[in-house]
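Colleague: Spelled out from the first residue to the last, the chains are:
Number of protein chains: 4
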Amino acid sequence: MILDDGGDATHWLLKKYPAMFNMVKGIVEESVTGVHRLYQLSKSGKLTVPAMNVNDSVTKTKFDNLYSCRESILDALKRTTDVMFGGKQVLICGYGEVGKGCSQALKGLGAIVSVTEIDPICALQACMDGFRVVKLEEVVRSIDVLITCTGNKNVVTRSHLDRLKNGCIVCNMGHSNTEIDVASLRTPELTWEKVRSQVEHIIWPDGKRIIMLAEGRLVNLSCSSVPSFVVSITATTQALALIELFNAPTGRYKQDVYLLPKKMDEYVASLHLPNFDAHLTELSDDQAKYLGLNKAGPFKPNYYRY
Amino acid sequence: MILDDGGDATHWLLKKYPAMFNMVKGIVEESVTGVHRLYQLSKSGKLTVPAMNVNDSVTKTKFDNLYSCRESILDALKRTTDVMFGGKQVLICGYGEVGKGCSQALKGLGAIVSVTEIDPICALQACMDGFRVVKLEEVVRSIDVLITCTGNKNVVTRSHLDRLKNGCIVCNMGHSNTEIDVASLRTPELTWEKVRSQVEHIIWPDGKRIIMLAEGRLVNLSCSSVPSFVVSITATTQALALIELFNAPTGRYKQDVYLLPKKMDEYVASLHLPNFDAHLTELSDDQAKYLGLNKAGPFKPNYYRY
Amino acid sequence: MILDDGGDATHWLLKKYPAMFNMVKGIVEESVTGVHRLYQLSKSGKLTVPAMNVNDSVTKTKFDNLYSCRESILDALKRTTDVMFGGKQVLICGYGEVGKGCSQALKGLGAIVSVTEIDPICALQACMDGFRVVKLEEVVRSIDVLITCTGNKNVVTRSHLDRLKNGCIVCNMGHSNTEIDVASLRTPELTWEKVRSQVEHIIWPDGKRIIMLAEGRLVNLSCSSVPSFVVSITATTQALALIELFNAPTGRYKQDVYLLPKKMDEYVASLHLPNFDAHLTELSDDQAKYLGLNKAGPFKPNYYRY
Amino acid sequence: MILDDGGDATHWLLKKYPAMFNMVKGIVEESVTGVHRLYQLSKSGKLTVPAMNVNDSVTKTKFDNLYSCRESILDALKRTTDVMFGGKQVLICGYGEVGKGCSQALKGLGAIVSVTEIDPICALQACMDGFRVVKLEEVVRSIDVLITCTGNKNVVTRSHLDRLKNGCIVCNMGHSNTEIDVASLRTPELTWEKVRSQVEHIIWPDGKRIIMLAEGRLVNLSCSSVPSFVVSITATTQALALIELFNAPTGRYKQDVYLLPKKMDEYVASLHLPNFDAHLTELSDDQAKYLGLNKAGPFKPNYYRY
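Residue numbers (our numbering), protein chains in the order written: chain D, 2 to 307; chain G, 2 to 307; chain P, 2 to 307; chain E, 2 to 307.
Just chain D, with the same shape it has in the complex (with noise of 0.2 Å):
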C-alpha cells in the first residue's frame, strides 16, 4: 500500500517499477496536488488500483484548512512580525476554507478585512460574512497585509507589489509558492535585506520597503506550527483509508479514486469527540425511522456541505 502526500512515491513507483505498482493494494493520498494527480492517472487510463482521496474528507478538510489555518495565521504573523492586527487593513486573496479561516481570526481581532475571489458562490459567502469583495487592484495601495490562499499562481504580480505601501507585509498560506510572483522581485534595483529568520525587507530604489515571509513559501508551515489535535484528526483519517482498502472485500474498490466513506469520516470525528467532553445525543428507534437513517450513521447524504 501506499500512503502518499504529494503523489510523488505513487508516481515514481508507477515509473521505476510498474509491475510492482500494480500489485498495490491500495493508495492513500492526503493533498490537494496528489489528489489532482490521482484524478490525472484516472482519466488518462493509468491508475490500475483504487486510490483513496482523504484530502476532501471532511475532517481533514476542515481541520487542516479551515480550523487550523484560522489559528496559524496569526501565529505566523506574531512569530515574524510583531504586527498588531487591530485597525490593520487586510487583503486575503481565495474565499475557500483557508481564507474563511484567515478572515474569521483575523476579523475578530479587529483587522478590517477584504476578500479577492474568483468564484460568485464565494464571493457571496463573503458578502454574507461581513467582507468587502474587491479587486486586488482597487486596495493594493493602501493595504497593510496581504495574504495569498487561492491555490492559484502569480495572483500577486511584480505589477501589484510595485505599487503597495510602505511596510506592507506580504505572505501565502495558499499551496506551494507560486501564489505570490516572488522570482519578479529578484531584480537589481530591488535590494533584499533578511531582517530575521523567514523575514525579508524588500527594498525599493525609492526606500519603499516590503516584508516577505518565508519567501512566499507557505507561512503555515514555514512559520507557525502545526497542533498535535490537527495532526490526530490526518494520520486518524490516513490510517483508516489504509485499513479500509486493505480490508474491503474484493470489489469494493475498482482502479479509480474514491472519497472516504461518510461513516468512517463520522468515525474520526467521534473519536475526537472526547476530547472536549461533547456529548452526543443517541436517536431514539422511533426517530431513526422518522429520518430513515442507521442509528450508527451515515447521518448526511453525500452532497451534504457541513
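Keep in mind that the hints were calculated from the coordinates and are not lab data. Don't take every hint at face value.
Since copy identity is lost for identical chains, a pair holds within one copy or between any two.
As the list claims (entries may be wrong) - Derived lysine-lysine pairs resembling DSSO-like cross-links, with alpha carbons at most 27 Å apart:
no.	residue 1	residue 2
1	Lys154	Lys264
2	Lys44	Lys263
3	Lys301	Lys136
4	Lys255	Lys47
5	Lys108	Lys296
6	Lys195	Lys264
7	Lys26	Lys166
8	Lys154	Lys290
9	Lys255	Lys136
10	Lys108	Lys255
11	Lys108	Lys136
Predicted model, so just to flag it, every value in this text is computed and none were measured.
Could you slot chains G, P and E onto chain D? The hints should help.
Modeller: Okay, now just chains G, P and E, sitting in the frame of chain D:
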C-alpha cells in the same frame, strides 16, 4: 412543468392524472420534504420525468438556511417576547445550517449557547466554533431558551418540558411542527394562556410557566418575515432550474432527481453580487490553464462543500 | 423628593413653587438632558438641594446604552423594514456607548460597518474594534443604512440626504429628534409616502427613495421595546438613589450634583447576577489587605472605566 | 524630572537624596504599582512634588491592557505550547481590561471561556458579553487553560493546582508573579521538567502534568512581544506628560497625583489616527455651541468611561 414546494402538486398529479404526469417536461422542487419524496419516487421506479432538487443548491441552502435563519431567530424572539439576549443560556438542538446560523447570531449578541447533535462531524464543528456539545437532559433545568432545528421529531418531549425552568422560552426553527411534542402539553393539569399573537404561556400546577412560540410551528415563518433578498435568490434558482429542464437537449436529464448544475448555482450567485457592490476577479488564460478550469466556471468540483 | 427624567418636573417646581422646591430632600435624575440641566443649575447657583445623577452610573449607562441598544437596533430595523443585515454597508455616526453597541451587533450579523467620530479617542477605539473611521461625505453615496447616535444636532443634513443612494434606510438611535435634519425634507419637490407604521418613503423627483424610520425620532423607543431586564436595572438604580438621598446623614450631600456612590452601583449589579446564575468570588482577608480593599467593596477607584 | 515605571526611582531619590527630591519639577509614573505607591506617598504627606498618573490615561489603559493583551495572550500561548484554541475550555480569572481582552480573543477563536470575578459590575459585564461567571472551584477539574489577570495574589493556590486535569496549561497575564502560588509547587513530591524556554511541566506522583508558562511570571512580557504601535502610544503619553509638567505655569499642579489632562489624552489618540487612515469629523460652530464644547476638545466629561 411543475414548480413544487413540498411535493403535494407532484403527488396529486401523479395520483389523479397519471397520464398527464407522464407528459410533464420536468419538476423543480425546493423543499427538504419534497426532495425526500422525489428520491423515494425515484427509488420505487415511479418517477417518470426528470426532477431537479434545488433545495440542495448552494445558494438556496445557505440563504434559506444559514444566512436567513441567522437573522430570523433574533427577529422571531424579539417580536414575540422582547427577551434580552445578553447572558441568556440558550440550547440549540441540531447544528446543521439552521443551527449554525442561530448559534452564531445568539453568540454574537452575548448569549451563552450550547448545542445538541447526533452527528459526530457536526458536533466537532460545534466544538471548534466554541459551543459546548451536551445532551438535552444535562442542561434542561438551567436553560433560558430552547430552540429546535433538527429536522427530527419529538426532540423535545413532555418529560423535558416538565423539567424546564420557570420562564423558559421554547421554539422551533426546524421543520414542520413535530420537533417539539406540543400535543403532550394538551393535558388537563396544564393551563394554556395566550398572552399575545403566537405566544402562549403554559402553566404547570405549581405555577411554573414556559413560553411557547407559535405552538411549536416554525417561528421563522410564523413570527418573522423572509427578507426580499432571500426570496430573490430562491426564486432565481427555481426559475433557472425550470428554464434548464425546459431547454435541455433530449437525453441530458433522464427519469431521475438532479442537483442544479453548479454553473447555474454560480450564475445565481453572480446575479446577486452587484447588490453588494462586490467585484469578482477574473482568471487570466494562464491561470485558468494552470487550474484546469474554464474562465467562466464552474470553479469547483461537485463535492466541494463551501 | 423628585424622581425626574429630563428635568421638567425639577424646573417646573423650581419656577412655579420655589419655596416648595427648597424643601425637596433630593432629586434623582436619569437622563442625559436632565443631568445637563442640573449641572447648569448648579453652575448658576440655583440648585438648592442635593441631586443625584444616575444617568452616569455604570450599570445604567451600560444597560440603557451599550447592551440594550446592541439589541434594539436589530429589533427596530427588522420590525420596520425586514432588511437583511448580511453584506449591507452601514454607517454609524458616533462611537459612544450606543454607537459601540450598534456597531458590534451589526458586525456580528455580517454587515460592513463604518463609523464617524469627532473624538480622537473614540475614533481610535473604533479602529481597534475593526471599523473604518470615515467622514459621512466620503461614503454617503454608497451606504445601505445610516444610523445616528451622536447626541448632536444636524449630523445628517439635507445635502447628505440628497446624495444617499436609492433605498437607503435612515434612522436615529441618538437623542431627541435633532440628529437628522428631517425638517429639511418637508419641501414641495419631495413626496412623503407612509408605507407602514413608523416607516416613510421619501421620494425625490428622479424616483430615488430613502426609507426614513420614525420620522427621525429614536427608533429604539419608537420601533423596538425595552427589555424588562433593562427596566429592572434602571428602576433599581433610581430607587436606591432615592433611598440614599433620603437616609443620608445631614451633610453627606450638599447643594450639588452627585454621581451614585460606587458601592450602590455595585449593589445594583449584584442584585441582578442571580438572573444569570453567576457566582461571585470572594476576597480572602489576606487578599483584601493586599489590595487595600474592603471585602464588601467598593472594588474600584472612582475613575475606573470598566 | 522623573520618568518612572514602578516607583523605584522615585522612592530611591526620596530616601537617599531628599533635598534633591524636593527640587524635582515633576514625576511621570506609568505602572499600576508605581501609581499606587504615589497615592500612598500623597496620603502620608510625603509627596512634595507634582506627579502625573499616566497609567490611567485612556489611550494607555486601553492599549497596554485591552488591545495589546487581546493579541499577546494568543501569541504567548502559541509560541510556548502550539495549543489549538478551538473547543478548549478556558478559565480567565479577572474581567478587568486584561481579562476582557483575553476573553474576547479566545472566544473569537472558538474557545469556550468562563470568567471569575470579585466585582459584581465586572461580573455583569462578563454575563452580557456571553461568558459564564463561575468560581474557580466549580470548574477547576474540567478546564484546559487557566489564565490569571486579577492584579491580586494567590488567586490560584496549590489546592487548585492539585485538582487541575492532566495537560492543563497555567499562565499569568496579570501583574508581577504573585497571582499563581508557584512557590507552593516547589515540594519534593512534584517533579519540574523544563520542556522548552519558558515552559515547564510539573508532574504529580500519579503522572498528572500541568504546563506552567514562565514560572508564573507575566506571559505577555516573557513569552510574547509588545507591538511597536503600543510602545508608541505609551511613549507619546509619557513624553507629553513630562512636557506638560515642565511647561505648566506655577500653581497648575500642586503636590499631588494628577490624571493626564483629557485634552492630552485626546491628542495622543489623534497623533495615531493617520496610521489607520482614519478621518475625524469636525464639529460646526453651531454644533459645538449646541453641545457646549470647544471644537478642539476636550470632548467628554472627566468621568466618561469610553
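Colleague: At most 27 Å between alpha carbons: which applies to Lys255 and Lys136, within, between, both or neither?
Modeller: Result: close neither inside a copy nor across copies, 44 Å intra and 41 Å inter.
Colleague: Within a copy, between copies, both or neither: which one fits Lys108 and Lys255 at a CA-CA cutoff of 27 Å?
Modeller: neither (45 Å within a copy, 46 Å between copies)
Colleague: At most 27 Å between alpha carbons: which applies to Lys44 and Lys263, within, between, both or neither?
Modeller: This pair counts as both: shortest intra-copy Cα distance 24 Å, inter-copy 21 Å.
Colleague: Can you give me the call for Lys26 and Lys166, within, between, both or neither, at a CA distance of at most 27 Å?
Modeller: neither (54 Å within a copy, 43 Å between copies)
Colleague: When no copy is specified for Lys108 and Lys136, does a C-alpha distance of 27 Å or less occur within a copy, between copies, both, or neither?
Modeller: For Lys108 and Lys136, the Cα distance is within 27 Å both inside one copy (19 Å) and across copies (22 Å).
Colleague: Between copies, within a copy, both or neither: which fits Lys301 and Lys136 at Cα up to 27 Å?
Modeller: The answer is between: 20 Å across copies meets 27 Å, while 37 Å in one copy does not.
Colleague: With identical chains, the pair Lys255 and Lys47 could be close in the same copy or across copies; at 27 Å between alpha carbons, which is it: within, between, both, or neither?
Modeller: within (13 Å within a copy, 31 Å between copies)
Colleague: First find the shortest C-alpha distance between Lys154 and Lys264 inside one copy, then the shortest across copies, and answer within, between, both or neither for a cut-off of 27 Å.
Modeller: This pair counts as between: shortest inter-copy Cα distance 23 Å, intra-copy 35 Å.
Colleague: Given a CA cutoff of 27 Å, do Lys154 and Lys290 count as a within-copy pair, a between-copy pair, both, or neither?
Modeller: Close across copies (10 Å), not inside one copy (49 Å); limit 27 Å.
Colleague: Can you give me the call for Lys195 and Lys264, within, between, both or neither, at a CA distance of at most 27 Å?
Modeller: This pair counts as neither: shortest intra-copy Cα distance 49 Å, inter-copy 42 Å.
Colleague: If the cutoff is 27 Å on CA atoms, where do Lys108 and Lys296 land: within, between, both or neither? Let me know, please.
Modeller: neither (39 Å within a copy, 30 Å between copies)
Hint violations for this structure: numbers 5, 6, 7, 9 and 10, all remaining hints satisfied.
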